[in-house]
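Enquirer: Take a look at the letters that make up each chain.
There are 2 protein chains.
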Amino acid sequence: MALDNLIDGRVIANQIHEETQRRVIALKDQCGPPGLVFVRVGEDSASRVYVGMKEKACERLGIQSQIQVLPEETTEKELLGLIGELNIDPAIHGILIQAPLPKHISEATIFSAVSPNKDVDGFHPLNVGKLLLGDTDGFIPCTPAGVHELLIHSRTPIDGTDVVILGRGNIVGKPMAAILCQKSEYANATVSLCHSRTENIDEHCQRADILIAAIGVPQFVKEDMVKPGAVVIDVGVNRIPDSTAKNGSQLVGDVDFDAVQKKAGLITPNPGGVGPMTIAMLLRNTTQACAKANGLKPDIFNT
Amino acid sequence: MALDNLIDGRVIANQIHEETQRRVIALKDQCGPPGLVFVRVGEDSASRVYVGMKEKACERLGIQSQIQVLPEETTEKELLGLIGELNIDPAIHGILIQAPLPKHISEATIFSAVSPNKDVDGFHPLNVGKLLLGDTDGFIPCTPAGVHELLIHSRTPIDGTDVVILGRGNIVGKPMAAILCQKSEYANATVSLCHSRTENIDEHCQRADILIAAIGVPQFVKEDMVKPGAVVIDVGVNRIPDSTAKNGSQLVGDVDFDAVQKKAGLITPNPGGVGPMTIAMLLRNTTQACAKANGLKPDIFNT
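Protein chains in written order, with the working numbering: chain V, 37 to 339; chain U, 37 to 339.
The shape of chain V in the complex, shown without the other chains (with noise of 0.2 Å):
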């Protein structure tokens, strides 16, 4: 019998995306339609299918989106170049760099160089930094506040409560806690961020209140490190091998779905959890960037 603990990234995202069109519908209103651009370097699979999904759902909403696809051998200084000109296209409100970039390319300098105006993946070190001091005028990266979002439209209580985070990358780890130590409203909570070199993993994870599993493992948590009722994120994505399987391989999360499910209060599918929010958050950033740009308050987005 089918768990009724889920947690449904799709039917969440969709709600936002829904808000979202109507953020765009009023954009154009006022000032026209937001544009968001992407960049692709080379020719990486996964990367081709993550900014195709991108594009479909921007067309979906309206809002106005390319792609410049640059080959593998660009330069990282052809690549600077290109984002300058973006940073300057008043047509342009959002630059979305897709990662992995070739490894001749350092992705720290190329986050820096987007305009933080146009940072709408919220990985510019100033977008960074207004997220921990709690300053919201900034862009959240895309993965962290879309589980935030997770969060509160299944009513997870987050203050006062004990969040684990495992993984402490740039992209969700660390982010992710800046975002639920705050003191404000949905946040309030106790972080502990854990990693690789975590002594006692298992303890720290039976603690959580909520446990937001971003440490790129395959299947890392198991029933017995969570608490009976915990709230469980799982945002990992790794591909494993299966030899039933067309292509040799499938993909799973960082969590033991099918036995942690009987234990956990609340959980996200994966897929169909995280990775629908990281779109709709990252449209939803776009809107704010063209608003912005256009010198709009956010408050035209709360009729």
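Calculated directly from the structure, the hints in this document are not laboratory data. There is no bait here: all hints are sound.
Identical copies look the same in the list; a pair holds intra-copy or inter-copy alike.
For lysine-lysine, the following BS3-like pairs were computed, each having C-alpha atoms within a straight-line distance of at most 25 Å:
id : residue 1 : residue 2
1  : Lys-113   : Lys-328
2  : Lys-219   : Lys-139
3  : Lys-219   : Lys-333
Position chain U against the provided structure of chain V, taking the given hints into account.
Expert: Structure of chain U alone, referenced to chain V:
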């Protein structure tokens, strides 16, 4: 009998001052002395004392310092104007705006207006973001940087330990967490950030290998909250009534020192622990700012 488990902040700060003095000599030789300006608004008595101490330390090490004192009724706009001038003054490498500012001035606005390259306090969101992202190119806030040096100089193991930080302020708690969670030498800790909304804060403290108190509550950390052998760092500065004292009050930290000392492996006295380190890190940051402004690589200090 006096216990021999003190981390002497004065001794360690003096070691850092000696290194800074060597840096100042190298800078004078290469490009002229580092210049630091203190901006104080109003006549807060603690601020007068702090700025005076910092100025004396500058003098001792050969850093050229100046104080700009503005009246309490200075407007935010006037202060921003002064910061704008200091930002482009080539003789000034570091700008310190002494907090607290009068209530009609936004500290966040003012700290963001200081050039990130002269932000020797490490409060600018760009520097905060770099810190969280693990980019070592920025300035680190002086108090948590000083605590970090206390741990390193006292040979406290950090890698893989459980660190519990009490207090999530922007000046200490949050940047402290950012420093210790990094995937790098003298870091790699599992960090939990506790605060006023934390449930069972005693239990969190009891599992800490390193307990850092920056919660602003006099003698908050009691003996029964400390694991035997833990390293306890007291960042607190609280004034409490004391009828036996001349001015009717005394300064105490966030740790109930006499009782906790018996249980701790190592502990900072207060005063004489973290306080001297804050100044030491400020002056070191100023030499870094001066070197950067003159296009000198940090390795000129490695001699």
